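Engineer: Given next are the chains, with one letter for each unit.
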Amino acid sequence: EPEVTQTPSHQVTQMGQEVILRCVPISNHLYFYWYRQILGQKVEFLVSFYNNEISEKSEIFDDQFSVERPDGSNFTLKIRSTKLEDSAMYFCASSENGADTQYFGPGTRLTVL
Amino acid sequence: GENVEQHPSTLSVQEGDSAVIKCTYSDSASNYFPWYKQELGKRPQLIIDIRSNVGEKKDQRIAVTLNKTAKHFSLHITETQPEDSAVYFCAASKGGSYIPTFGRGTSLIVHP
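Chains A and B supply the protein sequences, listed in that same order.
Just so you know, we're using the working numbering here: the first sequence kicks off at 453 and counts up by one.
Just so you know, we're using the working numbering here: the second sequence kicks off at 4 and counts up by one.
Bound-form chain A, shown alone (with noise of 0.2 Å):
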């Protein structure tokens, strides 16, 4: 059964450094979403992706935050001078239509220090 990848599994970066977090959906799914989870916390939406521009953000998704797909197969995340406040576990989902299932990534674990 297809599912969608991410790398790293594992990122830890210091304060005020960028890093980008990579994910590649489903093949033959269109709407792409990144979510993170702080530690022990709710699964909270960032961000969702459709046709090459974002379809919808939260308030969470600031202007430090950028999201890609910079080819056919990857959607990207980036964080632009992270906070320790960033530290959390970051989802990559995708389905296919949108009003579809989402399927979850394994997700990036990311370490601010």
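The hints are simulated quantities; they were obtained by calculation from the structure and are not laboratory data.
Fair warning: this is a prediction, and the values are worked out from it, not measured in the lab.
The reader is advised that the hints may include incorrect statements.
Said to hold, decoys possible - One-sided excerpt, in silico: chain A residues whose CB lies under 8 Å from chain B:
1) 454
2) 494
3) 495
4) 500
5) 502
6) 539
7) 540
8) 543
9) 548
10) 550
11) 551
12) 556
13) 558
For each residue, glycine too, the CB sits at the ideal point set by N, CA and C.
Fit chain B to the given chain A structure using the hints.
Structural biologist: Showing chain B alone in chain A's frame:
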């Protein structure tokens, strides 16, 4: 925006017992309610979902009920097994968006 409350935060049962997790939502326009299971350190995985035109849905040992009037929905797991131990998240979303708002999660512990 949507607000989803989930109870209890922790649920401890003996193997073979039933487990019930309850959620309420605030936005009457919400019409899609997925439930996710997240094992420790793993990704959330959809286990069952229900849309607002249905009151109940069952898949083997798992069932979900929806009361639109009261704006609450519940997950029922029968004949629990130790491998059911995980954190379960409810979520609610509405058509046109389908961006789920998650509850805070219920840590289910099934004792052998």
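Engineer: Look at each hint and say if it fits the structure.
Structural biologist: To see whether the hints hold, each was checked on the structure:
1. Against a cut-off of 8 Å between C-beta atoms, the interface hint on residue 454 of chain A is violated, since the closest Cβ of chain B lies about 14 Å away.
2. Annotation: interface hint on residue 494 of chain A holds; nearest CB of chain B at approximately 5 Å, less than 8 Å.
3. For residue 495 of chain A, the interface hint holds, since its Cβ comes within 8 Å of a Cβ in chain B; the closest pair sits about 5 Å apart.
4. At its closest, the beta carbon of residue 500 of chain A sits 6 Å from a beta carbon of chain B; the interface hint therefore holds under the 8 Å criterion.
5. Interface hint at residue 502 of chain A: violated, since its Cβ lies 11 Å from the closest Cβ of chain B, which is beyond the 8 Å cut-off.
6. With 8 Å as the threshold, the beta carbon of residue 539 of chain A stays out of range of chain B, its nearest partner Cβ sitting at about 16 Å, so the hint is violated.
7. Because the beta carbon of residue 540 of chain A sits about 14 Å from the nearest beta carbon in chain B, more than 8 Å, this interface hint is broken.
8. The beta carbon of residue 543 of chain A is positioned within 8 Å of a beta carbon in chain B (closest approach about 6 Å), and the interface hint is therefore held.
9. Here the hint on residue 548 of chain A is broken, as its CB sits about 11 Å from the closest CB of chain B, past 8 Å.
10. The beta carbon of residue 550 of chain A is positioned within 8 Å of a beta carbon in chain B (closest approach about 6 Å), and the interface hint is therefore held.
11. Hint status for residue 551 of chain A: holds, given a least beta-carbon distance of 5 Å to chain B, under 8 Å.
12. The beta carbon of residue 556 of chain A is positioned within 8 Å of a beta carbon in chain B (closest approach about 4 Å), and the interface hint is therefore held.
13. For residue 558 of chain A, the shortest C-beta to C-beta distance to chain B is roughly 5 Å, which falls under 8 Å, so the interface hint holds.
Of the hints listed earlier, those the structure fails to meet are numbers 1, 5, 6, 7, 9, in rising order.
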